[in-house]
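Residue strings, one per chain:
There are 2 protein chains.
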Amino acid sequence: MGVAERKERHKEELKKEILMAAKELFMEKGYEATSIRNIAEKIEYSPATVYLYYKDKDEIMHALHQEGFKMLVAYFGTLNTIPEPFGRLIAMGRAYIQFAMENPEMYELIFVMKDPIDHVASCADDSWDEGDRAYDVLFQTVVECQKSGDFQGFEPHGLSFTIWSTMHGLCSLRISGHLGHVAEASKVKPDVDSLMTYTFETFTGVLEKIR
Amino acid sequence: MGVAERKERHKEELKKEILMAAKELFMEKGYEATSIRNIAEKIEYSPATVYLYYKDKDEIMHALHQEGFKMLVAYFGTLNTIPEPFGRLIAMGRAYIQFAMENPEMYELIFVMKDPIDHVASCADDSWDEGDRAYDVLFQTVVECQKSGDFQGFEPHGLSFTIWSTMHGLCSLRISGHLGHVAEASKVKPDVDSLMTYTFETFTGVLEKIR
DNA sequence: AAACTTACTAAACAGTGTTTAGTAATTGTA
DNA sequence: TACAATTACTAAACACTGTTTAGTAAGTTT
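Just so you know, the protein sequences line up as chains S and V, in that order.
So for the first sequence, the numbering used here puts the first residue at 1; every next one is plus one.
So for the second sequence, the numbering used here puts the first residue at 1; every next one is plus one.
None of these hints come from the bench; they were simulated from the model.
Because the structure is a prediction, the values reported are computed rather than measured.
Check the hints yourself; a few may be wrong.
One copy or any two copies: either way a pair holds, since identical chains are not told apart in the list.
Here are the simulated EDC-like cross-link-like pairs (lysine to aspartate or glutamate), alpha carbons at most 16 Å apart as the crow flies [said to hold, decoys possible]:
#1 209 with 150
#2 147 with 84
#3 209 with 56
#4 114 with 32
#5 55 with 193
#6 42 with 17
#7 187 with 136
#8 189 with 155
#9 15 with 191
#10 187 with 155
#11 42 with 13
Build the full structure now, drawing on both the sequences and the hints.
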């Protein structure tokens with residue numbers, strides 16, 4: 001009979017509904033505002049019901065984690081159309097920044113917060129696959145750059161981690177507000193976003209020079 | 001009469017005692033464990049008393065903020081003995097990493113967390129002076145490098161922010177555990193710390209190349 | 001019709017930051 | 001010296017958090 005299947009389907013829908021409510025709250029108001037009670041209220045169920053679908057808040061955050069990586073991948077979507085690897089590397093950086101700026105809470109969730117990755121470490125199943133894959137995209141691009149003659153004399157992993165560090169540092173300093181504060185004090189650029197673009201361009205200049 | 005002075009002195013001592021209790025809890029167990037109640041218990045006063053000396057938790061965190069920068073400055077202490085600016089820049093990077101690794105919670109407080117810097121933005125008095133000064137140390141070093149012939153064709157602020165981004169990115173990815181995770185997956189180096197040192201060395205290699 | 005399972009929730013527990021009202025003890029004044 | 005005022009402190013509460021437990025209706029199976 002299809003009754004069990006229908007029920008199963010409904011359960012999956014509710015689980016998805018919980019996740020989407022969490023995603024909306026999280027992306028709009030951040031981690032603090034994403035309480036189990038707030039999620040429950042949004043889907044019009046009791047807080048305890050949420051626990052029937054997710055073990056704890058960490059598990060919800062882990063699920064959101066995967067959502068976040070899907071979004072990042074979407075930002076990387078059009079990169080394949082760029083055949084020249086160095087240009088693709090720069091475009092990747094630009095896309096990374098755009099993702100971080102348009103989805104700061106998501107960026108923090110997947111690249112800054114410790115709790116979700118701790119959860120990931122405890123359940124050894126799917127682990128941090130998405131993150132590993134995202135790194136691999138960068139690494140492969142660097143390798144391709146070297147194949148076409150760029151970055152000679154550098155080891156690709158070392159360079160990849162350096163590039164990731166720079167991009168992550170820039171984005172996280174921007175999101176946390178630290179870049180903005182120093183920007184205001186040093187008055188290098190009129191606003192934070194200008195400074196950010198400017199710093200990125202300086203970085204691309206560095207990459208051009210070691211090309 | 002010296003009675004009022006003695007009392008005033010005692011009040012200042014208690015305020016310091018609260019801060020030191022907070023510092024100890026914070027550096028050992030992190031932000032979560034540093035609750036007002038825990039602080040109060042440590043100094044053997046009631047939680048409400050803490051509020052007679054600090055407006056709220058943010059104000060305590062802001063005070064700890066300043067403590068953190070004092071510690072960072074201590075790590076930078078011996079840098080003046082290095083006359084050659086480029087070598088000093090590299091040593092600065094090494095000191096920055098050492099500070100981050102030996103005091104991860106403090107590093108997060110002053111460079112990662114948003115809340116304290118929000119508090120800093122609201123009270124416009126002393127603002128984020130320590131951070132600005134720390135940036136200025138980096139900037140001046142870059143300027144000195146250029147004076148002695150390095151980094152020609154680069155604008156010093158752009159380069160300073162790029163360097164800070166790289167260093168911060170590396171340290172924060174290490175502390176948050178993200179670097180460790182990708183390290184394990186990519187198996188570039190046997191352990192995270194090796195990867196971190198290795199990435200830093202790659203970065204110094206980049207700086208050497210654009211020197 | 002009775003037993004069992006499912007889906008859900010009210011209420012509680014222990015914790016958080018923070019505020020309010022009140023209490024002793026000390027100090028200043030009449 | 002007696003009374004008022006100030007100081008330093010705290011118990012208890014409020015509103016929130018994540019999470020668990022016990023219980024309740026409804027649907028399913030026997």
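Verification of the hints:
In this homomeric assembly, residue 209 and residue 150 come within 16 Å of each other (Cα to Cα) both inside a single copy, at 10 Å, and across copies, at 14 Å. For the homomeric pair residue 147 and residue 84, the shortest alpha-carbon distance inside one copy (11 Å) is at most 16 Å, but the shortest distance between copies (37 Å) is not. Taking CA atoms no more than 16 Å apart as the test, residue 209 paired with residue 56 passes in neither setting, with 49 Å inside one copy and 49 Å between copies. In this homomeric assembly, residue 114 and residue 32 come within 16 Å of each other (Cα to Cα) both inside a single copy, at 15 Å, and across copies, at 12 Å.
Taking identical chains as interchangeable, the C-alpha atoms of residue 55 and residue 193 are never at most 16 Å apart, the minima being 40 Å within one chain and 33 Å between chains. In this assembly of identical chains, residue 42 and residue 17 lie within 16 Å of each other by CA distance solely inside one copy; the values are 10 Å within and 44 Å between copies. In the homo-oligomer, the alpha carbons of residue 187 and residue 136 lie at most 16 Å apart only across protomers (12 Å), although the nearest pairing inside one protomer, at 37 Å, exceeds that limit. Proximity of residue 189 to residue 155 under the C-alpha cut-off of 16 Å is restricted to the inter-copy arrangement: shortest distance 13 Å between copies versus 34 Å within a copy.
Proximity of residue 15 to residue 191 under the C-alpha cut-off of 16 Å is found in neither arrangement, the shortest distances being 42 Å within a copy and 38 Å between copies. For the identical chains of this complex, residue 187 and residue 155 are inter-copy neighbours only, at 14 Å across copies versus 37 Å inside a copy, given an alpha-carbon limit of 16 Å. In this assembly of identical chains, the alpha carbons of residue 42 and residue 13 lie at most 16 Å apart only when taken from the same copy (15 Å versus 48 Å across copies).
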